[in-house]
Amino acid sequence: MMIELPEAISIAADLRKTILNKKIIQVGGQFTGHKFTFYEGDPNQYNQLLTGKTVTNIIDRHFYIEIVIEDYTLLFRDGANLRYCQDQSLPKKSKLQLIFDDGSYLNMTTSMYAAIGLFKTADGCNNPYYQHELYTIGPLHPDFTYDYFKSLLNEHTLKLSTKAFLATDQRILGVGNGTVQDILFNARIHPKRKMKTLSEDELRFLYESLLSTLNTMIALHGRDTEKDIFNQPGGYPTILSKNTYKNPCPVCHQPLCKEQYLGGSIYYCVHCQI
1 MMIELPEAIS IAADLRKTIL NKKIIQVGGQ FTGHKFTFYE GDPNQYNQLL TGKTVTNIID
61 RHFYIEIVIE DYTLLFRDGA NLRYCQDQSL PKKSKLQLIF DDGSYLNMTT SMYAAIGLFK
121 TADGCNNPYY QHELYTIGPL HPDFTYDYFK SLLNEHTLKL STKAFLATDQ RILGVGNGTV
181 QDILFNARIH PKRKMKTLSE DELRFLYESL LSTLNTMIAL HGRDTEKDIF NQPGGYPTIL
241 SKNTYKNPCP VCHQPLCKEQ YLGGSIYYCV HCQI
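In this text, residue positions in the sequence shown follow this note's numbering: the first is 1, and each later residue adds one.
Derived CB-CB ranges, DEER-like: (1) L153 with S212: 18 to 24 angstroms; (2) N57 with R204: 33 to 39 angstroms; (3) Y261 with F230: 30 to 36 angstroms; (4) F230 with L262: 29 to 35 angstroms; (5) Y261 with S199: 19 to 25 angstroms; (6) I274 with Q45: 50 to 56 angstroms; (7) L20 with C257: 43 to 49 angstroms.
Lysine-lysine pairs mimicking DSS-like chemistry, simulated, CA-CA at most 25 angstroms apart: (8) K159 with K258; (9) K159 with K192; (10) K92 with K53; (11) K227 with K258; (12) K17 with K120; (13) K92 with K22; (14) K23 with K93; (15) K227 with K22; (16) K53 with K22; (17) K53 with K17; (18) K258 with K196; (19) K227 with K92; (20) K227 with K246; (21) K150 with K194; (22) K150 with K192; (23) K192 with K242; (24) K242 with K258; (25) K227 with K35; (26) K22 with K93; (27) K23 with K120; (28) K120 with K22; (29) K35 with K93; (30) K194 with K159; (31) K53 with K23; (32) K242 with K227; (33) K92 with K23; (34) K258 with K192; (35) K92 with K35; (36) K227 with K17; (37) K159 with K196; (38) K246 with K258; (39) K93 with K227; (40) K53 with K120.
Think of the hints as simulated: they come from the structure by calculation, not from any bench. Treat the numbers as computed from the prediction; the structure is a model and nothing was measured. Positions of the beta carbon are idealized from the N, C-alpha and C atoms, including for glycine.
Kindly generate the complete structure, drawing on both the sequences and the hints.
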């Protein structure tokens, strides 16, 4: 599980249905058992700070799951696996557990690496990634126009590959190595192609593919490579992913390619993506 925009929105929607207005009676978890789980604030203080408080809001973000618990805000990011359960014994594997007064609980484990943060809402969070999230226009915002998209091109970004432009440095909020695969496939653009080589028509098509692909992923409750808080895969069938790369291209029916690039796997069709 790596939280990108479709999952952030889908999980937030599920949390509104399941934990909003519930009171926390205990906070638990093994806070020292995984060196790739990064906490902001002392996790050993989470129980004291949150017990007896009620979940008052769930806020939509792009890379984060954000839960408001009265005067505190709890954040999850990256490979944070959130699972909501009722009438089941508490799992032994946990990086954080919120146990509610009706017997249900929210449990978090880590895939590869994850970030958890707790801060007083009024004080805010000074994490630079979170600050960037707060003050950057994301692809769902009405101001994320084609002109805005083009304004992200400059002397530096024109030298980047299309994957690097879309999925690095939080340039496009909510887009990472997972969602970028289908965005580029739908745009018929190779992930290694330099941005400076795109024509005006190709650039516009890339922008339109970015918006349409993300909106479809959100409408179908996230990608089928990721799971929701009920441990169910998302309803969006990925075109290019770990689930599909051994299949032929759905357009030309030729074999797909997989390779490592910029710290992650890329999948593409050499015939359809130029």
